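**Student:** Here is what each chain is made of, one letter per residue.
Protein chains: 2
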Amino acid sequence: MEGKIETLWNEVRELSLGNSGQLDRLNFPPTPLQFLRDFVSQNKPCIISNATNHWPALSRWTRDSYLTDALSSAHVSLHLTPHGRADALVPSSTPSSLCFASAHVQRTPFPEALLLITTNNGESSSPNLVAYAQQQNNFFPSEYSTLAADCDPHIDFASEALGCLPEAVNMWIGNDRSTTSFHKDHYENLYAVVTGQKHFLLLPPTDVHRMYIREYPAAQYSYSQATGEFKLELESPPRCVPWSSVDPYPSPEDRDEQLSNFPLFFNGPKPFRCTINPGEMLYLPSMWFHHVSQSPDSRGRTIAVNYWYDMQFDIKYAYFNFLQSIHCPSIENLTPAETVNDDLGSDIGDE
Amino acid sequence: MEGKIETLWNEVRELSLGNSGQLDRLNFPPTPLQFLRDFVSQNKPCIISNATNHWPALSRWTRDSYLTDALSSAHVSLHLTPHGRADALVPSSTPSSLCFASAHVQRTPFPEALLLITTNNGESSSPNLVAYAQQQNNFFPSEYSTLAADCDPHIDFASEALGCLPEAVNMWIGNDRSTTSFHKDHYENLYAVVTGQKHFLLLPPTDVHRMYIREYPAAQYSYSQATGEFKLELESPPRCVPWSSVDPYPSPEDRDEQLSNFPLFFNGPKPFRCTINPGEMLYLPSMWFHHVSQSPDSRGRTIAVNYWYDMQFDIKYAYFNFLQSIHCPSIENLTPAETVNDDLGSDIGDE
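Chain order of the listed sequences is A and B. For the first sequence, UniProt numbering begins at 1 and goes up steadily by one. For the second sequence, UniProt numbering begins at 1 and goes up steadily by one.
Incorrect hints may have been included.
Within a straight-line C-alpha distance of at most 20 Å, the following computed SDA-like cross-link-like pairs (lysine to any residue) qualify [unchecked claim]:
hint: 1; chain 1: A; residue 1: 4; chain 2: B; residue 2: 1
hint: 2; chain 1: A; residue 1: 4; chain 2: B; residue 2: 218
hint: 3; chain 1: B; residue 1: 4; chain 2: A; residue 2: 313
hint: 4; chain 1: B; residue 1: 4; chain 2: A; residue 2: 329
hint: 5; chain 1: A; residue 1: 4; chain 2: B; residue 2: 325
hint: 6; chain 1: B; residue 1: 4; chain 2: A; residue 2: 327
hint: 7; chain 1: B; residue 1: 231; chain 2: B; residue 2: 218
If you're looking for bench data, these hints aren't it; they were derived computationally from the structure. The structure presented is a predicted model; accordingly, all values stated were derived computationally and were not measured.
All chains, please: the whole structure from these sequences, using the hints.
**Tutor:** What follows is the structure, given as structure tokens:
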């Protein structure tokens, strides 16, 4: 079976995605028909330049003073973790086991949130506190309403192609210490960078077995401002979350173990890799696995806005679920756990 | 494994195709965007009414005299078989074995071809000679050039949606004795009926295992006008053709054997079923299995024109090949032969 699954990984690249690990790049926004035909229908990502040239955000948001003036009285959702990994696997209290940790989220006055993000790059002042302003429940039009006019409420070509307005528009303000671990979303995603850079690693849904998705116990960070310390506690009652076991950028001391534990990831076709610069937009197709890291601008922050459009649960999705239901021996040798079926409800949306 | 494959059959119906066995019906031609988004991208068929109202063919082609006048000096490709089954499995000379038989094709003056088709319905005059004017190599614009102005050279909404003109336009003139056995094509197919009716049985590509595709030796009919008899000879050198073993309409005496040999077909979800009337058009998505039969008009013939557009070999195609590569025990219990991989080149195009 493993040989047949490997053939699938290779075939989708040979037929459609290419073998270079590079994405198609469009110099201008596509027409709705072109977007639908060449990318959405084929479940194929692309980078689009010159799609947001007209956004006032591109110049305005580079200035902290503009942002803090516009949001002087706003409270935003700030995600706090000790090391920049939220919705990610971290060591749990049980020796040599991992849990799926969610950030401590606190509503924070925007000026304070921005200060925490911008002064905390590069493990400087507060080595054990990383802040990331983000949320996945369409909070851009509400929390950041005074900035809404600085970018488009939806992406014209995508709305026309997909026949609907975005289900959610989200804002992301972070620094280089925050990463987002490998996961997928049940949305068609248009991801526009305003300042700084976002770095994506992408794998198509055909490569699901390379993600080593397993069940991990859910845990929650809580942060005490008094002590400046985090506590990580398993959820009670216990809850399990299916999540990718792979860290594509292991620390030097973890590298050998990662390579030997997850050979399908590290030895298979290389992930697609791209950097999205200010003014560029990534079309990230539904069900693609993505890992996101970022480089800040000269003010110490990366700002992006993304648009989630409802995906179609069509034959591609049915094929994906079938593929994921198939046992792959080299995964199972490592753990007795069953591979996890895609469950529409359990997916944790993220960037 | 069989349970997982069955889950796929059910899921693609629950999510996308519906469980009724009926196709979506559009009262008017879709916009290119709608066609692409709701049907091509989802690999989902539909019936389109009022798409060819403006074709002169709809009135003109009901008259034999119009056709024979327009084509008085034309020679067309006429497919001759003893029982109306060309590109189909028929008993071979070896006892209780089947071969894949191709028709005897002869270039025939059109008036003579039409007479043979229209006078030979219902097993009347020549019980062992069935004629079907058809070819799959874009012969409409050449063999039938004098009729070309009676219908459109391409389908507007489809050409715009798919970004290309049809790779082939084909004409089909037959009677109720000709059927086309289950097969698939590597094309997006728009199939317009001008007079008479076409009856389709359809299964999505997810259901490939239900087709019991096996290798059969290729054979060729040759017809002697002198004796009025057919000879069926295996090709030499021998050649094998992967073809569906299923006859969805077995004769009463074959019925029990078919049901017991091909339980995945007969006991699985019922095929999608539709009748396409004059003025209607079927969108038959690439890779869908289809079986075609026909009812003649009052003049004894069914006439249709179909448009083949190049398909995209994208993630859907890669998923299909993966699915087809998976062994399904209940198929293999019946034959030691390997299931057959899809091979781009070996597919025999048909309606």
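**Student:** Is the straight-line distance between the alpha-carbon of residue 4 of chain A and that of residue 325 of chain B 20 Å or less?
**Tutor:** Roughly 7 Å separates the two Cα atoms, so the pair holds.
**Student:** Given the hint that residue 4 of chain A pairs with residue 218 of chain B, test it: the Cα-Cα distance must not exceed 20 Å.
**Tutor:** Violated. Residue 4 of chain A to residue 218 of chain B sits at ~29 Å, over the 20 Å cutoff.
**Student:** Quick one, are residue 4 of chain A and residue 1 of chain B close enough, alpha carbons at most 20 Å?
**Tutor:** 14 Å, holds
**Student:** Given the hinted pair residue 4 of chain B and residue 327 of chain A, is their alpha-carbon gap at most 20 Å?
**Tutor:** Holds: residue 4 of chain B and residue 327 of chain A sit about 11 Å apart, inside 20 Å.
**Student:** Verify the proposed pairing of residue 4 of chain B with residue 329 of chain A, using a straight-line Cα cut of 20 Å.
**Tutor:** 17 Å, holds
**Student:** If you draw a straight line from the CA of residue 4 of chain B to the CA of residue 313 of chain A, is it 20 Å or shorter?
**Tutor:** The hint holds at about 18 Å.
**Student:** So if I understand the rule, the pair passes when the alpha-carbon distance is 20 Å or less; does residue 231 of chain B with residue 218 of chain B pass?
**Tutor:** Distance ~14 Å between residue 231 of chain B and residue 218 of chain B Cα, so the pair holds.
Hint compliance for this structure: hint 2 alone is broken.
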